[in-house]
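> Here are the chains, one letter per residue:
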Amino acid sequence: MVDEVGTGETVVRLDGVRKEYGETVALDGLSLEIRAGEAVAVMGPSGCGKSTLLNMIAGLDRPSGGTVLVHGENVGELNEKGLALYRRRRIGMIFQFFNLVDDLSALDNVALAAQLTGSPARQARRRALELFEELGIADRRNAYPAVLSGGERQRVAVARALMNRPALLLADEPTGALDSRAGEQVMDLLLDLNQIGQTLVLVTHDEHLARRCASRLVQVADGRVTGEHSLEPSA
Amino acid sequence: MRAVWRAARAAVRRRGLQTLVIWLVALVSTGSIVVALGLVDAATAPFDRVFGKQRGPHVVAAFDRNKVSDDRLTRAAERSGTAAVAGPFPQATMEIPRGAGDFGLGGEVTVVGRPGPGGPVDRVDLWAGRWPTRPGEMVLNRQSDWTADDLGKQFRVPSGPTLTIVGFAFDLSDTADVWVAPDQIEALHPTGTQMLFRFRDASSENRLRAQLAEVTAGLPKGTLAGAQTYLSLKHRVGSNARAYAPYLMAFGILGILVAVLIVANVVGGAVVSGFRHIGILKALGFTPGQVLTVYLVMISVPAVLGCALGTLAGNLLAQPFFRFVFTGPNSGVLRDSVGIAPWVNVLALLGMPFVCVLAALGPSMRARAMPAARAISTGSAPRTGRALGVQRRLAGARLPRSVSLGAGLPFARPARSALTLAAVVLGVTTVTFATGLAATMTGLGTAGTHAYDVTVYVGSHRHGKEVRPVHSDREIQSLLGSLPGATRVTARSDDDAVLVGSTQRVMFEGRRGDLPLDSVLARGRWMHRTGEVVAGSAFLRRNGVHVGDHLRLRKGGREVDLTVVGETMLDNDRLIAGAWPTAVALMPDVKPIAYHVKLGDGVDQERYARAVRAADPGLSPQLRGPNNITRTIVGSATALTLALALIASLGVFNTAVLNTHDRRRDLGMLKSIGMTPRQVTVMTVTSMAVLGALGSVLGIPLGIAAYELVIPRMTGAIDIALPSYMTDVWHAPELALLALAGLVIAVLGAFVPARRAARLTVAEVLRSE
Ligand SMILES: Nc1ncnc2c1ncn2[C@@H]1O[C@H](COP(=O)(O)OP(=O)(O)OP(=O)(O)O)[C@@H](O)[C@H]1O
Ligand SMILES: [Mg+2]
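Residue numbers (this note's numbering), protein chains in the order written: chain R, 1425 to 1659; chain W, 4 to 772.
By construction, these hints were calculated from the structure, which means they are not laboratory data. Cβ atoms here follow ideal geometry from the backbone N, Cα and C, with glycine treated the same way. Hints should not be assumed to be uniformly reliable.
Stated by the list, open to error - Which chain W residues face chain R? A few, computed with CB under 7 Å, are given here:
1. R404
2. S675
3. M678
Said to hold, decoys possible - Pairwise CB distance ranges, derived in the manner of DEER restraints:
4. W/L308 to R/G1446: 30 to 38 Å
5. R/R1513 to W/A421: 34 to 42 Å
6. W/V304 to R/P1544: 48 to 56 Å
7. R/E1504 to W/V304: 34 to 42 Å
8. R/R1513 to W/A13: 37 to 45 Å
9. W/A735 to R/R1546: 35 to 43 Å
10. W/P704 to R/R1513: 42 to 50 Å
11. R/D1439 to W/V304: 51 to 59 Å
12. W/L308 to R/G1651: 41 to 49 Å
13. R/E1504 to W/R401: 25 to 33 Å
14. W/S727 to R/R1546: 52 to 60 Å
15. R/H1629 to W/R401: 40 to 48 Å
16. R/R1546 to W/R9: 33 to 41 Å
To be verified - To be clear about the criterion: a stretch of chain R counts as covered by chain W if any three or more of its residues have a C-beta under 8 Å from a C-beta of chain W, and this derived list gives those stretches:
17. 1451-1459
18. 1517-1529
19. 1539-1545
Only chain R is shown next, with the shape it has when bound in the complex:
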């Protein structure tokens, strides 16, 4: 089924992807296509394989079978270094629990992503500061993660994910650890980003939030896609 909302070319194509952990089958021949500019929400019961699916796309883990193609690149065939470079260039990832480095300031946490690619510190900080301003957390740039609120932490994490201008922004329950107000703010942020063209894949349990910002909803159960429908993004 081809979706009308996704107008760009195909960015991600999963074809019969399997992932087994010993006896457990996390993904059972899952196929999915994501086009440039889409905002896809992935939903499903706990343990159905949503995080595993994101990890496959992000190159954080390798499939046991099937292919994961991102921009025509077979992610499963990359070596460790290739995967690292792939994540660095193409993927921005946001987690439920933020995953910031405790002993770096908010700004340095974000600048880090660019510095790993070899950008000089000054240039990396300048770019990070731009993002902080865009995300409305410029005044918190010198704070350490421990003193930031959950919402602020997640916005720092979003800034870090955007640092290298990724083709794909992946978010695994980004609002799961936030109260509803902070959760909505983060969702608005993601929606804004999608509106200026950022391709987005979002795992969430909150159907309301999903409907607010996603252009397509993918239902997953037992490691397979069981349903898909496009949504009218609410204005």
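The hints should help you fit chain W with the ligands onto chain R, whose structure is shown.
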């Protein structure tokens, strides 16, 4: 209790790597401590054991037979309250020409008439044959590792009776070379009377001399011809082993320090990184006491196993080492009676586990006291302000980010880093100390080895018969010089003489030629004119003589005056060396016993030796071999250094393992934003290399200080003075290499955990937290 045991077992299983580290550290450090302490102990103990068993005399005194009667001596000894006395025994001196068939005697021999080997003092060990009971029989003083083949052979005393060897006895105290029955001694014209004393207070030379003075107080003046205390004997016998003692002490102390630090670090780290685990145990209903027990068991099992195995390994390793140390004319007798003292093993088996448990106790008490909720929530220790400042400055530094991130890591865990740093510092100290020691020892071992290449002895043995040279002395010297390859030849004579004013026999070495032979000049200059001599530090110290002083030697009724012009590095306390005319002045018919030949560069020694044998079958050439003592010290220093460097590396290894474990989550995140495996490795290795570099900066001066402390004591123990070129061992290239040592220790220790960290699967790590 079952639950406690099960939880401890599970904890050990889950921390396989850490358990292995604890076990290894306990093993290696216990092993080195056993070897070190065992040898320190052996440096003094075996002498006391053998001496005690023989009830050796504290003082061996010789009285003038013409001035005092036996009865009077007996009464004087009884009156003065000595602990035990043997004698009086008549004592004679025989001049025996050196040569074939003298059963290794030769020179001036002391003969004592004595009714039996036992008695209250000096129970000599009659290890072959029987004691002489009638005239015509004798027993020779010989170590039992020699042969008794000569039993029954006869020996004719020059212008005296013929004696048959009926037994061999060994006397550690060396009170006589030959014993005969009291009936026989008159025929040998005794001039002295020997008395052997044991005193109540044998603690010092002064005390012994004072008690001897009490014995002789009532006797006419000048009756005491000479007396020797057992202390100088003990000094001589133990000197080899004593030379090792300061250096082994240094290694032992370093070893214990490193071991304690690492054990504390490893054990403390295990507890700290187990805080979550502690919380869970408490939530399950473990009492604080049970939690404490779980952690103590978890640490003690591998530690005790390591200590036990380390003790065993130490005992095995020490054996070949002991055999080396107790070799040589003065110490060989003790070889059979040395071993690791029981107290060393007891200390290692009880002390080391005790140290481990003590190290575990502090953090375990913390675990015990910690509320369950806090233990569970303490994922990682709170960061300190200073650590954050360091990270902030590094974040802007012009370094690859993986390097600057790694450099900041040690500051996140200051206590753990400090303990690791201390271990690295001690590791570098050890390496520095051992390097200096090895350089000096190698200098010492090779001193004079370039002086000559081949020693040619006069006389050889063919088919059990002695062959004398066909050429005369002078002919031999010019013959050796004319054979192809030879550049210079020095002849050497070796004869005993008496130092006038003492009862001591000395060896006079005459040299014809200008090679310095074995010895290296520590002070003064070489002899040039007739009457000038050089002597080893040992000789000078023993006789209270200094460079510039005069001596008088007597030989065969002839006396000559000598001036000491130089101090050499010889450790022989009886040898003085002079030029050939000096030897002739003392002994007009002196003959060389050997010739030392210096060959040209690149000349084949074997080939020269063959040419010598062909030119005169009565000559036996001998090539120079390496020096065993030096090899032993250098070898053992290297082994101990490697062991300690290994322990220090294990400490770093452990810290790196703990740190990467604590930071799994950060590592996962860093990888998720595109850190390559190589960058992870660089970061982790850098974090430890910082400690390594700092360790070098602190460890090198400490190592140099240890060297300055130990070397003078070592050389003092064997009575040698080192020329300054041997102790100037620190130069820029060596120091640069040493600076690398800390880095190498740290990088080695960090590499494996770094690789493990680099291979973490991100999805796994982020999921499990
Ligand atoms: N590293 C792993 N090892 C073993 N099993 C795993 C691993 N990762 C996932 N699984 C299993 O695979 C299945 C899918 O897990 P996944 O985390 O993708 O579920 P999910 O849809 O994200 O669930 P949730 O909504 O609770 O986050 C689960 O049964 C999980 O137990
Ligand atoms: Mg999930």
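> Hint by hint, say whether it matches the structure.
Do the hints match the structure? See the list:
1. R404: holds (4 Å)
2. S675: holds (5 Å)
3. M678: For W/M678, the interface hint holds, since the closest Cβ of chain R sits about 6 Å away, which is under 7 Å.
4. W/L308 to R/G1446: 30 to 38 Å: For R/G1446 against W/L308, whose Cβ atoms are near 33 Å apart, the range 30 to 38 Å holds.
5. R/R1513 to W/A421: 34 to 42 Å: Between R/R1513 and W/A421, where Cβ atoms are some 40 Å apart, the hint holds.
6. W/V304 to R/P1544: 48 to 56 Å: Holds: the Cβ-Cβ distance is about 52 Å, inside 48 to 56 Å.
7. R/E1504 to W/V304: 34 to 42 Å: The hint (34 to 42 Å, Cβ to Cβ) holds, given that R/E1504 and W/V304 are roughly 37 Å apart.
8. R/R1513 to W/A13: 37 to 45 Å: holds (43 Å)
9. W/A735 to R/R1546: 35 to 43 Å: For W/A735 and R/R1546 the Cβ distance comes to about 38 Å; the hint holds.
10. W/P704 to R/R1513: 42 to 50 Å: Check passed, 49 Å falls within 42 to 50 Å.
11. R/D1439 to W/V304: 51 to 59 Å: Distance hint for R/D1439, W/V304 holds at roughly 52 Å.
12. W/L308 to R/G1651: 41 to 49 Å: violated (60 Å)
13. R/E1504 to W/R401: 25 to 33 Å: holds (28 Å)
14. W/S727 to R/R1546: 52 to 60 Å: At 55 Å between Cβs, range holds.
15. R/H1629 to W/R401: 40 to 48 Å: holds (45 Å)
16. R/R1546 to W/R9: 33 to 41 Å: The hinted range 33 to 41 Å is violated for R/R1546 and W/R9, with Cβ atoms some 56 Å apart.
17. 1451-1459: With 0 residues in contact (Cβ-Cβ under 8 Å with chain W), the coverage given for the region 1451-1459 of chain R is violated.
18. 1517-1529: holds (count 10)
19. 1539-1545: Answer holds; 6 residues pass the 8 Å Cβ test.
This entry does not satisfy hints 12, 16 and 17, going by the numbered hints stated previously.
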